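Sequences listed follow chains A and B, in order.
Per my numbering, the very first residue in the first sequence carries number 1; after that it's consecutive.
Per my numbering, the very first residue in the second sequence carries number 1; after that it's consecutive.
Mixed in with the good hints there might be a few duds.
[To be verified] In silico lysine-lysine, PhoX-like type, Cα no more than 25 Å apart, as pairs:
{"hint": "1", "chain 1": "B", "residue 1": "K145", "chain 2": "A", "residue 2": "K185"}
{"hint": "2", "chain 1": "A", "residue 1": "K185", "chain 2": "B", "residue 2": "K144"}
{"hint": "3", "chain 1": "B", "residue 1": "K233", "chain 2": "B", "residue 2": "K121"}
{"hint": "4", "chain 1": "B", "residue 1": "K145", "chain 2": "A", "residue 2": "K277"}
{"hint": "5", "chain 1": "A", "residue 1": "K229", "chain 2": "A", "residue 2": "K56"}
{"hint": "6", "chain 1": "B", "residue 1": "K115", "chain 2": "A", "residue 2": "K185"}
{"hint": "7", "chain 1": "B", "residue 1": "K121", "chain 2": "A", "residue 2": "K185"}
{"hint": "8", "chain 1": "B", "residue 1": "K144", "chain 2": "A", "residue 2": "K277"}
Since the hints were made in silico from the structure, they are not lab data.
Owing to the predicted nature of the structure, the values given are computational and were not obtained by experimental measurement.
Now for the letters of each chain:
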Amino acid sequence: MGISQLQWRIIKDRVFKSLLILVSFVSVIPLGFILYFLILKGAPAINWEFLVAGPKPYGIAGGGVAHAIVGTLILIGLAALFSIPAGISIGLYLSEFRKSKMAYWTRLGVDVLQGVPSIVIGIIAWSWIVRPMRMFSALSGGIALGLMMLPIIARSTEETIRLIPLSIKEASLSLGVPYYRTVLKVILPSGISGIVSGILLSIARIAGETAPLIFTAFGSRFMNLDIFKPVESMPLLIYRYASSPYQDLHTMAWGASFLLVLFVLTLNITAKGVCRKWCIKY
Amino acid sequence: MVHKVLKIVEFSASYGDGLVVKNVNMEIENNKITAVMGPSGCGKSTLLRCVNRLHELNPNTSVAGNILLNDQNIYQMNAIMLRRHIGMVFQRPNPFPTMSIYDNVIAGYKLNGIKVSRTDKDHIVEESLKNAALWDEVKDSLHKKGTFLSGGQQQRLCIARALAMKPEILLLDEPTSALDPKATAFIEELIVKLKKTVTIMLVTHNIAQAARVSDYTAFLFLGELIEFGVTEKVFTVPKDGRTEEYLTGKFG
Numbered sequence: 001m002g003i004s005q006l007q008w009r010i011i012k013d014r015v016f017k018s019l020l021i022l023v024s025f026v027s028v029i030p031l032g033f034i035l036y037f038l039i040l041k042g043a044p045a046i047n048w049e050f051l052v053a054g055p056k057p058y059g060i061a062g063g064g065v066a067h068a069i070v071g072t073l074i075l076i077g078l079a080a081l082f083s084i085p086a087g088i089s090i091g092l093y094l095s096e097f098r099k100s101k102m103a104y105w106t107r108l109g110v111d112v113l114q115g116v117p118s119i120v121i122g123i124i125a126w127s128w129i130v131r132p133m134r135m136f137s138a139l140s141g142g143i144a145l146g147l148m149m150l151p152i153i154a155r156s157t158e159e160t161i162r163l164i165p166l167s168i169k170e171a172s173l174s175l176g177v178p179y180y181r182t183v184l185k186v187i188l189p190s191g192i193s194g195i196v197s198g199i200l201l202s203i204a205r206i207a208g209e210t211a212p213l214i215f216t217a218f219g220s221r222f223m224n225l226d227i228f229k230p231v232e233s234m235p236l237l238i239y240r241y242a243s244s245p246y247q248d249l250h251t252m253a254w255g256a257s258f259l260l261v262l263f264v265l266t267l268n269i270t271a272k273g274v275c276r277k278w279c280i281k282y
Numbered sequence: 001m002v003h004k005v006l007k008i009v010e011f012s013a014s015y016g017d018g019l020v021v022k023n024v025n026m027e028i029e030n031n032k033i034t035a036v037m038g039p040s041g042c043g044k045s046t047l048l049r050c051v052n053r054l055h056e057l058n059p060n061t062s063v064a065g066n067i068l069l070n071d072q073n074i075y076q077m078n079a080i081m082l083r084r085h086i087g088m089v090f091q092r093p094n095p096f097p098t099m100s101i102y103d104n105v106i107a108g109y110k111l112n113g114i115k116v117s118r119t120d121k122d123h124i125v126e127e128s129l130k131n132a133a134l135w136d137e138v139k140d141s142l143h144k145k146g147t148f149l150s151g152g153q154q155q156r157l158c159i160a161r162a163l164a165m166k167p168e169i170l171l172l173d174e175p176t177s178a179l180d181p182k183a184t185a186f187i188e189e190l191i192v193k194l195k196k197t198v199t200i201m202l203v204t205h206n207i208a209q210a211a212r213v214s215d216y217t218a219f220l221f222l223g224e225l226i227e228f229g230v231t232e233k234v235f236t237v238p239k240d241g242r243t244e245e246y247l248t249g250k251f252g
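Chain B extracted, bound-state conformation (with noise of 0.2 Å):
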């Protein structure tokens, strides 16, 4: 049977009075990677931060409807540990510029004080940093800052992050729109590797990244998800006219 991990219940976002998401209903099925696009400021990353509540940075924010995790709302879930079932990985890489390769990849149990043995750290290190396609390049250096890692390198390095905290859901947030075409090419073959052990939601405005890597594509245009489906389908016959607007580049 098919498992959906995450459900968009008619939600709505907004930032003070403007309304950023209008009634999303989506379905994000496991082990699958969705893929949601859309010109910029439709509202994309709003949908994605309103996941894992880091929304909640902006205190004008407010929202409508319901997020479930596991048929639980996330509304009434500690945020706290709601995230450490939710990875995210943003738009630039931000690994975190005190610290090691090998301490960033640890972070999440370091900083939240989680007590680990050596040698289940250094095996969570490795795990993590293998399944990020970045152990090779980094065995030797772990304890140099990551800081000094190359731009596709410090995302995969973020990514590493994010899955040394075993999550059920990875967030994606435009995770290339500061990389070269070389890391780009690397970091989505990865992605469509990691959909194995964890279902991906990501946001992308690269309509090829979307058809290239997801199974499911949504578009989502001034707020509205215009079109959900399985991605072939949106991309080779889109039920909304807008849909297909936007596909052949006559807007966004």
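Just chain A, with the same shape it has in the complex (with noise of 0.2 Å):
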């Protein structure tokens, strides 16, 4: 009787088992369709021309995603302008005084932001900026980004400096350091790892937002770099294209698709890589 139950334990002990490794590799399957797809249909539409040239007009075949590509690095940069000196110094606050009644509200309410949906995070930066400047721009569409950005990377930064060890702070207050220098020169660097991850993280999160752009950045069909003028990005032009009734269009649709997707994953793999190299052991 030990024996047989003894075996029946090993069969759940496996059946278990398998059930765990079926159950992850049926969550994976989808984003093997979904790439399988994007380089089947996007790859074909990447080339020189496409990586490198603006629009063409309506009904003549070729022209590029150049503008979009620029578009999204710009609201990439003016988003991180916003949301990287505040982000930090929001999650430095988190775990620096994390018991205080206002640290509580604080959390909450990053919690909350994180919550929002980006289309009214769209609507808000519209009221803030684009309403009393009369004018769609790059730079309401950053701050809208950035409002996204935020809580991500304040929550990661106060994740990652609650975890270095007390002895390090007390070791540096010891030596007669004020906290202003110890919080820059010995907290931060040694949170680095958690920090930038955090921030790649946040980036891929927004590179690929759509709703918040469509009342702020607005889009547009030229190439431009100035930041109180509409800006064309990547996820905009892809829903432009691929609601258009012109095939070539869809297949530019695709290869920005492909593109976006192809920077997302290097950035969660980057942020994956930064996270295990710069990673400090206490």
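Now that you have both chains on their own, put them together as the hints suggest.
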């Protein structure tokens, strides 16, 4: 009886393990399909002209998405400019004064901000910036995207700094190092891997956002470097081209999707690498 | 004349409502090792952390009484300046994980933005590492990360880091409790050598360690200073019954 009971347990163990493997495998299948489809449909659209040229007038074949690539980079740059300093500061505050009442409300605010639908953030950026300035602009799009990056950076910074042992901070203070220098020169550098990977992940998260840009960056058919003018972005372009009636625009939308996913994938993998490579052991 | 660099006068400290250190009077003599021993939770670490005001990191602490460094009240000094005169070594080795061995030793200058010439830096690093008996082991790998060293070496690196600031007093908070016996013996030997240049206050829960290295011993129990005197006397003819019970292992 002992043996059979043991065997029964071993069987249950094996079934459970295979079930886990099966489920995780199944959940990866959609990603596999997405990548397969994108490569199948998008990769053929990509050539040199696609990457470096702007759009041609409707009806004329050829042209590229350079204006959208540049626009997306400008938007990400602006968003990063707003959200990285603010996000890191908030994260530091949350971990350094984690028990204060103010930190509790800040944390709650950050979490709520993370949950605000992106279209709402777009409307807010519209009423803050677009309406007073009477102009769709890259600036307003950057602020909308920055608002989406902010909570991700703040929370990842908080989580990273929280893991740094108190004794490291005490070591610095006991050498007579003032608090602000301790934070800037000991605590932040010790958490750099987590902070950088949080930033990369937040960029990956917003790179494909469309909704907040509809009322802000608006989109444009021209290469534009002026942050006070509307700019094109990859997701806006995909949305517009994919809903147009022209076959060659559909192909370009696939190509642009492929590029965008490639970008996001690269960011994610880099973030993992940063995490591993720069990781600090205490 | 015997100089008392540190005087603790009618000193009490509390966390929130709990009184952790009760009315302690103690005078620490220059270039001697004063051990503070007692069972866990008796307030010995708190007392030590009050000397360089590191207890202020915890917002609920309050203190009463005075601690005088060279007859100057440390609670009227700037905490940052005070800590530059008083070095500290912690329970667990805590070298800065982002820095090389060299940068760890010079960290007190670097982090404070004190300008030191390259040759002076090299000199301070070498001297401090020699004083911490680590130089021979690391002189060829000064630019490797400090965290690659063994536990005992890391702790000596932390001692070197504290010594580099040329402190008057070195506070050691159970410096060997995370180390193996061999590394412990090495550090104890080092501590005894160090008293030539610096006054040492050593907190330990290891009775034998207090007996081995210290000149004076204080016995703290439930926040009260039960006994304080020459180590030999405290260990051979304790005045208080509780000291005797603690030393013979009846509690603690």
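Run the structure past the numbered hints and jot down the numbers of the failing ones, going up.
3
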